[in-house]
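For reference, the chains in residue letters:
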Amino acid sequence: MMPRSTRFVSGCLSGLHAARFGLVAASLSVLLMACGAAAVPPQELVDARAAFAEAAKGPAADLAPAQLDTAKQSLDGAQRSFDEDGASQTTKDLAYVAQRRAEIAAAEGGREKAERKRAAADKDLKNTQAQGLENYAKTKEALAAEKTARVEAERKAAIALASLAEIAKVKEESRGVVITLSGSVLFATGKSDLLPIAKEKLNQVAKALTDQGFKAIVVQGYTDSVGSATDNDALSMRRAQSVRDYLVTRGVPSEKATAEGKGASSPVADNKTPDGRAENRRVEIVVTPEK
Amino acid sequence: MNVRTLVYWCISGSTLLACGGAPVPHDALSAAQADVKGAEVGGAGENPKAALHVKLAKDQIEIAQKQIADGDNEEAARTLDRAQADAELALALSKEAKAQGDASEASEQVGKLRKEMSK
Chain A
1 MMPRSTRFVS GCLSGLHAAR FGLVAASLSV LLMACGAAAV PPQELVDARA AFAEAAKGPA
61 ADLAPAQLDT AKQSLDGAQR SFDEDGASQT TKDLAYVAQR RAEIAAAEGG REKAERKRAA
121 ADKDLKNTQA QGLENYAKTK EALAAEKTAR VEAERKAAIA LASLAEIAKV KEESRGVVIT
181 LSGSVLFATG KSDLLPIAKE KLNQVAKALT DQGFKAIVVQ GYTDSVGSAT DNDALSMRRA
241 QSVRDYLVTR GVPSEKATAE GKGASSPVAD NKTPDGRAEN RRVEIVVTPE K
Chain B
1 MNVRTLVYWC ISGSTLLACG GAPVPHDALS AAQADVKGAE VGGAGENPKA ALHVKLAKDQ
61 IEIAQKQIAD GDNEEAARTL DRAQADAELA LALSKEAKAQ GDASEASEQV GKLRKEMSK
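As you go down the protein sequences, you meet chains A and B in turn.
Here the first sequence is numbered in the working numbering, starting from 1 and rising by one per residue.
Here the second sequence is numbered in the working numbering, starting from 1 and rising by one per residue.
So that you can see chain A by itself, here it is in the shape it has in the complex (with noise of 0.2 Å):
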């Protein structure tokens, strides 16, 4: 199609006699110019400019630079119209189109951006979901291993506990476990070395003491009350440390054991008949458990 002015120019100079043609093209060159020069660019261009420039400087330029391209092709021919023939309704019309053209670009340009964006976030949560799986199966792991731990410590204990029961009295008290050991097995009278069938005993004892594990064991030694005290309270303290001793050897931590001679204090029988009597010649061993 021919833009209006080359047809009003064509029309004008088909009706023209040659002699005139001269002074017409001549006033024809000056409302061209004035036209041109003096035409204020529509507000339609000049938006179309805008959007433009601002797509331009958007993601599009990377992104979407095909549908910018379209967009510059249409500013370009808007501008074109507007050099050629003013502004025009053609020019006005394809200014609109352009500035369209300009924002679509814009757009498509950011609908790329966050489809991007949406890629790396989909993939974010699939590692970050894996992350999860394999940390839940780690803790589960984990709490099995302690459970298996947990019970495996308590077999042990109970059979700890279960074989002192058969070679002396075991009894919880709120101070420990108070693991209760004949006199008359482990000393002969008056005497703080122990006898060999009392080693065995002890050799049981110190077992049960590291399979289960504590935090502190106290080794009490009591007498009945014949004699005097002092005696009393010297052979108890060499008899507790014997004890003692002895179960160091046999694995017991040292820094967690003591010894403690309680003389003929706190009977557990009647000191006036010889089986009451057998009963407080005792070794006591409080065991303050493991947290």
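No wet-lab data here; the hints were simulated from the structure.
Certain hints may be false.
[To be verified] Which chain A residues face chain B? A few, computed with CB under 8 Å, are given here:
1) Arg100
2) Arg118
3) Ala121
[Claimed, not checked] Cβ-Cβ distance ranges computed for the label pairs, FRET-style:
4) Ala31/B with Asp122/A: 32 to 40 Å
5) Arg114/B with Val151/A: 48 to 56 Å
6) Ala39/A with Asp27/B: 28 to 36 Å
7) Ala61/A with Val24/B: 37 to 45 Å
8) Lys112/B with Lys138/A: 20 to 28 Å
[What the hints assert, rightly or not] Pairs of lysine-lysine, PhoX-like flavour, derived with a Cα cap of 20 Å:
9) Lys112/B with Lys117/A
10) Lys119/B with Lys113/A
11) Lys112/B with Lys126/A
12) Lys98/B with Lys117/A
13) Lys171/A with Lys215/A
14) Lys119/B with Lys126/A
No residue lacks a Cβ here, since even glycine has one placed at the ideal position from N, Cα and C.
Place chain B on chain A using the hints.
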């Protein structure tokens, strides 16, 4: 009037006639209407900016139809170019808004999961 002048008049007359008698832009009209439909199906109604351009496109289709009725086919074709550009822009805007919504939703999900995991 000599023969040459007559020939000039004939040529220029036929040129003007051909332009004035531009064909009815049937194709452009259906294309613009299809683009409006496409934008509406694409969810342009959910985004205010996109909805505005759908409205502009519809208004211009109406104007173009009047221009066609008045025999201004050339003007109608250019009005339909405007309508089509608006409809395409509406679709592009609604697609962009949807993509942005999806992206922020995905980031939010990642953030939520991370927060849960760090508990």
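To see whether the hints hold, each was checked on the structure:
no. : hint                               : result
1   : Arg100                             : holds, 4 Å
2   : Arg118                             : holds, 4 Å
3   : Ala121                             : holds, 4 Å
4   : Ala31/B with Asp122/A: 32 to 40 Å  : holds, 36 Å
5   : Arg114/B with Val151/A: 48 to 56 Å : violated, 35 Å
6   : Ala39/A with Asp27/B: 28 to 36 Å   : holds, 33 Å
7   : Ala61/A with Val24/B: 37 to 45 Å   : holds, 40 Å
8   : Lys112/B with Lys138/A: 20 to 28 Å : holds, 22 Å
9   : Lys112/B with Lys117/A             : holds, 17 Å
10  : Lys119/B with Lys113/A             : violated, 32 Å
11  : Lys112/B with Lys126/A             : holds, 13 Å
12  : Lys98/B with Lys117/A              : holds, 13 Å
13  : Lys171/A with Lys215/A             : holds, 17 Å
14  : Lys119/B with Lys126/A             : holds, 19 Å
Checked against the numbered hints above, the structure violates hints 5, 10; every other hint is satisfied.
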